[in-house]
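Just so you know, UniProt numbering puts 51 at position 51 of the sequence shown, and the rest follows in order with no gaps.
None of these hints come from the bench; they were simulated from the model. Just so we're clear, the structure is a prediction, and the values are computed from it rather than from any experiment. We put the beta carbon where it would ideally sit given N, CA and C, even for glycine. Please note: incorrect hints may appear among the correct ones.
Claimed, not checked - Each pair of labels, with its calculated beta carbon distance range:
| no. | residue 1 | residue 2 | range |
| --- | --- | --- | --- |
| 1 | Leu182 | Glu246 | 19 to 25 Å |
| 2 | Pro103 | Leu215 | 55 to 61 Å |
| 3 | Val33 | Arg75 | 17 to 23 Å |
| 4 | Lys189 | Leu22 | 57 to 63 Å |
| 5 | Pro65 | Pro103 | 22 to 28 Å |
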Amino acid sequence: MPKRHLPPFAALRAFEAVARTLSFTGAAQELGVTQAAISRQMRALEQELGVRLVERHPTHNSLSPAGSRLSVALREGMDIMEAGVRDVSSQPGQKILTVSVAPFFSASWLTPRIMGFIEANPGIDLRLHHSYEPPDYRRDQIDLGINWGHGQWPGVEAEKILDGSLTPVCAPEFFGNRKQTLKPGDLIKQPLFYEFRREDWADWFAASGTTLSGLPAATKIDDSNALRRIAMEGHGIALFFRTLVEEDLAVGRMLLPFDVTVDTGNHYFLNYPSDRELSAGARRFRRWLQTQISG
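Could you put the whole structure together from the sequences, leaning on the hints where they help?
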């Protein structure tokens, strides 16, 4: 392997801290050195590279265009190094496992089960990070993700864990005594709600054998918790994840007017970066999750 041609690591580390904090004082405090030492490292780095990295102003600092580019590269590199050190660390209590998870999936499915994993793995410091977006594994210090979508994310391996098919749900009392005589087409006259696409309602009506002349009138609510709530409180009918309302249906909080689902092509996936090996903690979580799904 050819020799790497890099400036001294101490200088790069000093610049990364300055770029992140935009403060020589803040960088010095973070690295446990004097402000003068940070200034010397910065001067040496700028001289070696032949470019100005930080623009110094009377009241603030800012990055030059070259500094901005170098900052991005160093941040990504530092994140990768930090994750690597964390992965091989043998210190007790240092096995951090960070899982990025879709908020509603976490609230309705994962967290009611998560104590089983925590109790079985006392050496793992589990951290749940909630986000609707799949992780950026090059930028974020994330080990695994659980997200809803098509599963075709660049640089990511994705394993389907839960079906994302949609079905109408409502409060048990919404239709009163009419439930027995209800037909799928009767839903078109009711307040309809959805989270993703109004076309999903049209697809559901088609799957139920109902012919429509156009898209049905419906209100978009782009949060699963709010969508579930509006249906549960009797305000209308929500097109919702069939697999994530099982408990609501079982205890009578929700009603399924018709057991007809529509597959949108989007599901819940466990995902992880394809270009690096999973840590021991991530492998344990993956096996535990598979057991929960199959059991």
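Outcome of the hint check:
1. Leu182 / Glu246: 19 to 25 Å: The hinted range 19 to 25 Å holds for Leu182 and Glu246, with Cβ atoms some 22 Å apart.
2. Pro103 / Leu215: 55 to 61 Å: violated (28 Å)
3. Val33 / Arg75: 17 to 23 Å: holds (20 Å)
4. Lys189 / Leu22: 57 to 63 Å: holds (58 Å)
5. Pro65 / Pro103: 22 to 28 Å: At 37 Å between Cβs, range violated.
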